[in-house]
Structures are given as structure tokens and as C-alpha cells.
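Colleague: Throw the hints in and build the complete structure from the sequences for me.
One line per chain: the protein sequences are H and B, in this order. Here the numbering used here is used: the first residue of the first sequence is -19, the next is one more, and so on. Here the numbering used here is used: the first residue of the second sequence is 1202, the next is one more, and so on.
Take every hint as true, because none was put in to throw you off.
Label pairs and their computed distance ranges (CB to CB):
id : chain 1 : residue 1 : chain 2 : residue 2 : range
1  : H       : Asp55     : B       : Val1251   : 39 to 45 Å
2  : B       : Gly1212   : H       : Ile(-10)  : 42 to 48 Å
3  : B       : Tyr1307   : H       : Ser83     : 34 to 40 Å
4  : H       : Gln76     : B       : Arg1208   : 38 to 44 Å
5  : H       : Ile(-10)  : B       : Val1221   : 26 to 32 Å
6  : B       : Val1251   : H       : Arg102    : 22 to 28 Å
7  : B       : Asp1233   : H       : Glu110    : 30 to 36 Å
8  : B       : Thr1304   : H       : Thr118    : 44 to 50 Å
9  : B       : Glu1287   : H       : Lys47     : 20 to 26 Å
10 : B       : Asp1233   : H       : Asn10     : 21 to 27 Å
11 : B       : Asp1296   : H       : Glu44     : 40 to 46 Å
12 : H       : Gln84     : B       : Val1283   : 23 to 29 Å
13 : B       : Val1251   : H       : Thr118    : 32 to 38 Å
It is worth saying that the hints were derived from the structure and are not from the lab. Note that beta-carbon positions come from the ideal geometry of N, C-alpha and C, so glycine has one too.
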Amino acid sequence: MDEKEKNTGIKLEYEIIKDDFSRAGEASSNIKRVLRQLGIDSSVIRKTAIATYEAEINVVIHSEGGKMVVNIEPDKIEITAKDNGPGIKDIDQAMQKGFSTASQKVRELGFGAGMGLPNMKRSCDEFYIESEFGKGTTVKMIFKL
Amino acid sequence: MLIKDLRDKFGFKVLAGEDVLDREINGLYCCDLLSWVMSHAKDGDAWITVQTHMNIVAIASLLNLACVIVPESIDVDEDTIVKANEEEVPILSTDIDSFKIFTKFYEAGMR
Ligand SMILES: Nc1ncnc2c1ncn2[C@@H]1O[C@H](COP(=O)(O)OP(=O)(O)OP(=O)(O)O)[C@@H](O)[C@H]1O
Ligand SMILES: [Mg+2]
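Modeller: Here it is, written out as C-alpha cells:
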């Protein structure tokens, strides 16, 4: 990475499609690849891998679809997952370990432990979640470098 | 222990990742709840799971797991095998159950 790139930062953007299980995880895998190429510390890569995966899967399973945006700056990585609804009714409840509204079908595939949001929060340095029921959800996570 | 020991010493069948079997296995982990795996599996673990859809490849790759072990000869989706070869995630299959897999690792000296 040359000085210019360093100063302006790098932005990655991924479309995430509803119910597309076969591609779920692809955005996260791509992000990991880029971070590795940039020589980011492996413990940070691991944390971002966990967080991006959980965010991506939630958009696939629980939402109408959305996107994930990654901003890599000299001192931090900022990851935002934003979807087009339906939003979360009770965020405090959704954040509890073990709470899940996943369908039986999805649970049979191993999703729905109710650990995704807690995993995201635990993995990053700053965690923000905003949701408007009927509209959509935005999760923002910051990882310090 | 190396991944290829699972084939050579335990007789497990290699379904994917033939070219990367020289990697080291550091531990053994068993769980089918994916986000639980996401927060508890460690770098270099061999992961036993009955889940066989494509997502297990993404998880194994994101967490740098050594390999996936499918117990009790459960069928693995062809898509999963293709993806695993692409991502260089070894998948091995055996007819024995998770308990017996753990026993084999223990007997082979893994603690
Ligand atoms: N993007 C989203 N849109 C709508 N609802 C969401 C979204 N993300 C999470 N939720 C709600 O919050 C709950 C908890 O999410 P969390 O990721 O912790 O668990 P889960 O996805 O149900 O299971 P797991 O992540 O363990 O596979 C979900 O079951 C769902 O009801
Ligand atoms: Mg989730």
C-alpha cells in the first residue's frame, strides 16, 4: 500500500442477497483476503472475519437484502451492514445471547443459535445498531488498528 | 498431527482439499451451531460437524480451521466439495461417530 492509498483509505462494497445461502459468506471471505493482502494484524483479521460473517448471514437470513461497506483507514477499519428491512422490533431482546426468530428450516442448517449479534459486539471495539421496524437495520462496527 | 494422518493413520476418506493435507492440526472441535462455532473454534482446529452445506467452507476458511470432518458417512453436497476445493479447505469423511473420532485423536496423542 503506498502513502496515497494510506491517506485516502480503501473502500469495499458488497451486495448481500436475501436467502442466497450458496453465496453467503462470500463478502466476508473477500474482505478477509483484502485485509490479509494489506498486511493487517492476524488477530484483527480474525475478529473482522467473525463479525463480517455474522453480519452478512443476518442480512441473508433475516432481511430483505442489503449491503456491506468496509472502510479501511490508517488507524481503524469501519464495517457497516445495512439492509432494506424488515427491521428489528426490540433491539435489547435481539442482542441477548440465545434469542432468535430463525425458522425451523434455517435452524436445521445450523443457524439460529442467537449468537450472531453478541459475537459481533464482542469482536469489535465499537458497536452500533440502529433499526426501524418496517424499514431496516444498520449495524456499524469499528476495529482499531 | 497433520491432516494427512487422518487419511493415512485413521483411514478417513478425503473428499476435498487433496493438495493441502500437509497442514498441521492443533485441536479438535465439535459443534453444529454455526455461530457457536464462529465464537469458539480455534485456529488450526479440525472441526467435526454434521452440517454439509456450502457455508461450512466459508466458516472453516474464515477461522483458519485445519479441516472439516464429517462423521457417520453423512453425504456431503457436491457444491460444498467444489467450493472446498476452490478455497483449499480439506473435508474428510469417516463412518465412525464424533465420540470415536475424539477417541482416535486422544489415542494418537492429542491432548
Ligand atoms: N438484519 C436483521 N434484520 C432483521 N432482524 C434481525 C437482523 N439481524 C438480527 N435480527 C433479529 O435478531 C435476532 C438475533 O440475531 P442473532 O444474529 O444474534 O441470532 P440469529 O441470527 O437468530 O442466530 P445465529 O446468529 O446464532 O445463527 C434474530 O433472530 C432476528 O430476529
Ligand atoms: Mg445471526
